[in-house]
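Undergrad: Residues in the sequence shown are numbered consecutively from 1, following the UniProt record's numbering.
No lab work stands behind these hints, which were simulated from the structure alone.
Please note that the accuracy of each hint is not assured.
Claimed, not checked - Label-pair distances were calculated between CB atoms; the ranges are:
1) A46 / P164: 27 to 33 Å
2) S257 / P17: 41 to 47 Å
3) G246 / G74: 43 to 49 Å
4) S156 / T119: 22 to 28 Å
5) G74 / P13: 19 to 25 Å
6) T119 / A148: 22 to 28 Å
7) D177 / P317: 37 to 43 Å
8) D39 / G74: 24 to 30 Å
9) D41 / G138: 18 to 24 Å
10) D201 / A46: 37 to 43 Å
11) D280 / P13: 36 to 42 Å
12) A313 / G74: 22 to 28 Å
13) G246 / P13: 34 to 40 Å
Bear in mind that the values here come from a model prediction, so they are computed numbers and not experimental data.
We put the beta carbon where it would ideally sit given N, CA and C, even for glycine.
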Amino acid sequence: MTTHATPPVLTVPGASPQLRARLQDGLDRVDALLRQVVDHDDPFIAGASAHLVEAGGKRFRPLLTLLASEVAGGIDDRVVAAAAGVELTHLASLYHDDVMDEATVRRGVVSVNAAYDNTTAILVGDLLFGKASELVAGLGAEAVLIQAQTFVRLCSGQIRDARPRPEGVDPVAYYLDVLADKTGVLIATAGRYGAMFSGADADTVEIMRAYGEKVGIAFQLADDLIDVASEADDMGKVPGTDLREGVDTLPTLRVRSLADPADPTDARLLELLDADLSDDDAGVAEAMTLLRGHRAMDAARAETEAVAEDARALLDPLPDSDAKAALAALALSVVHRAG
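Kindly produce the complete structure, drawing on both the sequences and the hints.
TA: Rendered as structure tokens:
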């Protein structure tokens, strides 16, 4: 069996060697369970189902489930099953995302829709959602309800993200609300499950749910910044993807609110943001250069860090522990990562 060590960006700064060892052992158990669950009698289905499992990835969501469990009774079989269920739900959503985005690369390997076809990617994504539900069903009725509610919000967030923003709605508030659904909710469920299945009380479970949602929003906002600020992505994503696709993220939304149309540089950047850059490499490069030097990036970075700090502050009522310190460090580290 191939296992994937936690990437350096997610090694949970500040955690003790003992906690790190428990988390690594837990992630190895999660990976083993994922491979077992996605296996199938039909070799074609087995290969397509395991495609992204074998590609590895950050395993951020199951890591959070395991870490959240450490605030109470720690990692056991139920926590591992919950962590695998969350990761399977995430993987299933990626299969669908790649079809919608017409992606060709995911996690440094050929995406499933490119390796097979769109129909296979959609159906295997559905199969993985079913497998995730099967795992969660073994954890009880409340876990199944949470899984269903999470899935509804995931889909709602994706639908809203793909449609024009309603007239008269604050752009940033709407964007953050969409992120809470399409990214934050599953990370919230990861934290919630970890606390639930390790025996935490109701107040602690709610803290971990709210913490996870804030961390999820901060994680996606950091991705927005990385898409602008990075020169290259070793996982295959080309910087400037959001600009090329005409997607407004926090940096471009802040340009729209802060730019001075009378300033020639600001005016040019606004012109580029409103243009069709889908096949305009020079336009994307110019927009990236202007955006990287714009004060909107500082504003977006400060807002991203504030969301992460809000997540960290939610942990204050918890008693001091190695796990609490690691969760606090994790909240801040997600916004300072390079990829």
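Undergrad: Taking the beta carbons of T119 and A148, is their distance inside 22 to 28 Å?
TA: The hint (22 to 28 Å, Cβ to Cβ) holds, given that T119 and A148 are roughly 25 Å apart.
Undergrad: Determine whether the Cβ-Cβ distance between D280 and P13 falls within the hinted range of 36 to 42 Å.
TA: At roughly 40 Å between Cβ atoms, P13 and D280 fall inside 36 to 42 Å, so the hint holds.
Undergrad: Taking the Cβ atom of A46 and the Cβ atom of P164, is their distance within the range 27 to 33 Å?
TA: Violated, at about 40 Å.
Undergrad: Between G74 and P13, does the C-beta distance stay in 19 to 25 Å?
TA: Since G74 and P13 have Cβ atoms about 20 Å apart, the given range 19 to 25 Å holds.
Undergrad: In this structure, is the beta-carbon distance linking D201 and A46 contained in 37 to 43 Å?
TA: Roughly 41 Å apart at Cβ, these two residues keep to the hinted range, so it holds.
Undergrad: Note whether the CB distance of D41 and G138 lies within 18 to 24 Å or breaks it.
TA: Because 21 Å falls inside the window, the suggested range holds.
Undergrad: For the hint 22 to 28 Å, verify it against the beta carbon of A313 and that of G74.
TA: holds, 25 Å
Undergrad: Could you tell me whether the CB distance from D39 to G74 stays inside 24 to 30 Å?
TA: Roughly 28 Å apart at Cβ, these two residues keep to the hinted range, so it holds.
Undergrad: 43 to 49 Å was suggested as the range; check whether the CB atoms of G246 and G74 agree with it.
TA: Given about 46 Å between the Cβ atoms, the range holds.
Undergrad: Does the Cβ distance between S156 and T119 fall inside 22 to 28 Å?
TA: Distance hint for S156, T119 holds at roughly 24 Å.
Undergrad: In this structure, is the beta-carbon distance linking G246 and P13 contained in 34 to 40 Å?
TA: holds, 36 Å
Undergrad: For D177 and P317, compare the CB-CB distance with the range 37 to 43 Å and indicate the outcome.
TA: Given a distance of about 26 Å, which is not inside 37 to 43 Å, the answer is violated.
Going down the numbered hints, you'll see the structure goes against 1, 7, while the others check out.
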